[in-house]
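Each chain is listed here by its residues.
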Amino acid sequence: MFAAAGRIVLGCFPGNHATKNNLLVVLVGAFFSAGVFFVLVFWVASVLNISFNARDENTVFIVSWMIGGLLGLAGRAIPAFVRHQYAYVGPDSRSHLLVMNLSNVTNRVRVVASREGRVLGARLLRLPPMGSTLLDIGTFGSAPDSSAPGSAGTEVWRLRLEGAAWFNLYIVGAGARNLEGPLSLMHVK
Amino acid sequence: MSNSVSALLSATFYEPGYDHLVELVHQRDPEARRRLSSLDLSAYGPDGKLLLEHGLDTRDETLDLGALLASTAREHGRVMAVFDARYEEDAFPYRPHHYAYVHRTGSVTPALYYAVSAALGGVPDRIGDMSRINNFDTYVFRRGPHAARYSVMLGNVGRFAPTEAQVFAYYGAERVEETVFLGPRAHAEVALAPERGGQPLTRVETKSLFRLAGYVVGRREPSGDLVLFDHLFTFFK
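The listed protein sequences correspond, in order, to chains A and B. For the working numbering, add 239 to where a residue sits in the first sequence, where the first one is 1. For the working numbering, add 617 to where a residue sits in the second sequence, where the first one is 1.
It is worth saying that the hints were derived from the structure and are not from the lab. All values reported here derive from a predicted model rather than from experimental measurement. Don't take every hint at face value.
[Stated by the list, open to error] Listed next, the stretches of chain A that the computed footprint assigns to chain B, with coverage defined by at least 3 CB atoms under 8 angstroms from CB atoms of chain B:
#1 322-329
#2 351-365
#3 392-399
#4 409-419
Think of the CB as a built atom: it goes at the ideal place given N, C-alpha and C, for glycine as much as any other residue.
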């Protein structure tokens with residue numbers, strides 16, 4: 240929870256990583272954010288008359304569900320697990336993502352796509368336990384037009400994925416007919 | 618570089634007519650940005666002749682191989698691109714590696730994403746691979762016809778020493794062997810029949826004195842477009 244709160248605070252800084260200058264702010268912010276989360280969770284638990292037991296699997300599930308649900312309302316996910324992946328978008332090819340939830344709890348995975356430092360958009364995926372979903376990269380933006388004068392070739396987009404629980408990725412390659420045509424599948428370590 | 622724990626030598630093959638982009642650092646994050654200290658690219662013809670040397674900017678995230686090698690490949694055919702990467706030592710135990718994206722321009726065949734074959738370095742316990750007596754790599758094909766033509770692309774990344782590579786193709790209980798001679802930095806594509814005596818190709822295996830850059834390749838007919846491009850897997854060292 241503390242690490243997740245720290246990542247959220249870090250996200251407010253350019254470069255999204257800790258430096259000597261932002262270390263104190265990140266630490267204090269992480270402690271404060273984690274504290275606020277727990278106060279909120281226990282308040283909701285008391286209102287709903289739910290008793291918590293740290294060793295109880297149901298407690299973990301309920302806490303995860305409550306925090307994830309609250310963040311989900313704001314279009315965010317608990318960034319306990321973060322991965323970076325490139326996506327390729329060309330006039331006649333592209334790479335989609337198959338996102339797999341490797342956890343036995345519902346996992347919200349937030350995907351932020353950017354191109355040349357500019358954010359194209361964000362999507363919040365809600366994956367059932369051990370479930371998966373195909374993320375169409377085209378939903379973030381349009382492919383470059385090969386007929387346009389001076390058009391470039393395949394573009395490289397950066398994806399940042401953050402989820403509350405363990406997840407994995409496969410790259411789904413597509414050709415000129417996109418998802419209607421033949422596809423390839425490649426596991427990403 | 619064979620005695621450097623923070624180096625990675627990997628290689629791929631470029632053919633003209635393909636969009637081919639290589640991730641210089643896979644899953645680049647703020648930490649990875651600090652890990653790659655230098656990266657050099659060199660390109661070789663099938664006979665091992667040096668065709669191009671190019672220092673890369675480590676701040677770049679991906680490299681468009683076509684922009685760099687298309688004209689060279691049109692003249693010389695398939696080109697082996699060798700990446701000589703040096704990392705800061707605190708990169709370990711994280712295993713650095715490159716991934717790449719390849720697609721035949723304009724084709725309906727799907728784009729392929731693959732891990733670039735790492736021939737040397739990357740993890741400390743693989744530093745000695747170049748001096749082992751035998752190196753075995755294998756690839757198990759999926760059942761059912763996937764491509765019309767299969768082959769193995771092999772490249773000798775050694776600078777001075779030639780090597781012989783034995784390629785074994787398995788069709789049920791039958792094994793077919795072919796030997797390829799590779800000079801320093803030379804490379805070759807060894808064709809594999811998709812079936813033999815009614816038995817489909819099930820597995821391919823390579824054996825060599827040095828660890829080679831190797832890929833198993835599948836192509837469509839009649840276009841020859843790549844539908845399979847994947848590195849072989851080491852199963853015995």
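According to a criterion of three or more residues whose C-beta lies within less than 8 angstroms of a C-beta of chain B, is the segment 409-419 of chain A covered?
With 6 residues closer than 8 angstroms to chain B, the segment 409-419 of chain A meets the three-residue bar; holds.
Mind checking, does the segment 351-365 of chain A have 3 or more residues with a CB under 8 angstroms from chain B?
With 0 residues close enough to chain B, the hint is violated.
Proximity test - 8 angstroms, beta-carbon atoms, the segment 322-329 of chain A to chain B, at least three hits:
Three-residue rule met by the segment 322-329 of chain A, so holds; n is 6.
Verdict on chain B covering the segment 392-399 of chain A, criterion of 3 CB contacts below 8 angstroms:
holds (count 4)
Of the hints listed earlier, the one the structure fails to meet is number 2.
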